[in-house]
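Undergrad: As a plain string of letters, each chain reads:
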Amino acid sequence: QQPVQSPQAVILREGEDAVINCSSSKALYSVHWYRQKHGEAPVFLMILLKGGEQKGHDKISASFNEKKQQSSLYLTASQLSYSGTYFCGTENFPKTGANNLFFGTGTRLTVIP
Amino acid sequence: NAGVTQTPKFQVLKTGQSMTLQCAQDMNHEYMSWYRQDPGMGLRLIHYSVGAGITDQGEVPNGYNVSRSTTEDFPLRLLSAAPSQTSVYFCASRGLAATDNEQFFGPGTRLTVL
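From first to last, the protein sequence lines are chains V and C. The numbering used here puts the last residue of the first sequence at 113; the count rises by one with no breaks. The numbering used here puts the last residue of the second sequence at 114; the count rises by one with no breaks.
Chain V regions said to be covered by chain C (calculated; three or more residues, Cβ under 8 Å): (1) 36-48; (2) 80-94; (3) 104-112.
Hints were generated in silico from the structure; no laboratory data involved. Quick caveat, the model's predicted, so the values are computed rather than measured. For each residue, glycine too, the CB sits at the ideal point set by N, CA and C.
So that you can see chain C by itself, here it is in the shape it has in the complex:
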């Protein structure tokens, strides 16, 4: 099992450019989420999904879009990048059963917006 994979690992954008951060998991987890990590701010939830076709906003959704067409994939889109979106982005997945306690994180994408 590859677990949770993310691409790319690093990305530099100019202000106003758009891009998609890819996330995939092979554990058949219904729940997937995106976090951003900034110094001193911890991990903040951007968007999440409880299954294909179902997404919802987290704590800091502005400037980001998501979609979930399959159980495996959960891409995060930046429509018009801003310097404030410079951060490390983590995708995570977790099963929905009450005993599915562990949330698995991907390796992260380090994004710099100039």
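In isolation and in its complexed conformation, chain V is listed as follows:
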């Protein structure tokens, strides 16, 4: 049930844009995005729900294509602080109680001056 992320790694210069993709072989209800700095715990960025709107968080936004069972994370005008590993976590059905999150293998983003 683990979603697939691409690319595995990307290097950007400050100010450049990046797109990280997350896809699943199963129908999705929601996609969660997390960022993990080196040596730290993953931190929640945003959630996209089936039928919901595209979300944004400063210059980081995401979309969710239910038909294609995939989500994309957009980082615009990247900053050094964006460096880290980005994970998508997926849920296959509405959260009526305990839903397990299944995470992708991660995308390592490095922003250089």
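Please build the complex by placing chain C on the supplied structure of chain V, with the hints as guidance.
TA: Below, chain C alone, put in the same frame as chain V:
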């Protein structure tokens, strides 16, 4: 609020030794889980619990036991450590309400099995 706490931060074991990784949360979350993180593998779910006295297996449960005697605590036990269990372990918690979207992670325990 301390959030999710884990102890120890680092641990080295010899093959065959046993140990317990501690996890506690002070957010009154019913749902708690354990993940292991290995290079190139992402976060994989080991065990989870939806409340005191209720536990279930995740994707990679072999070699691990859990129990949930209180809402706050969710320890992970390695009965007989193996080198394949060398990993970083994260505990996480989340509320059960439909609007409880964020899953909170602890700082992790880095385990090395020799």
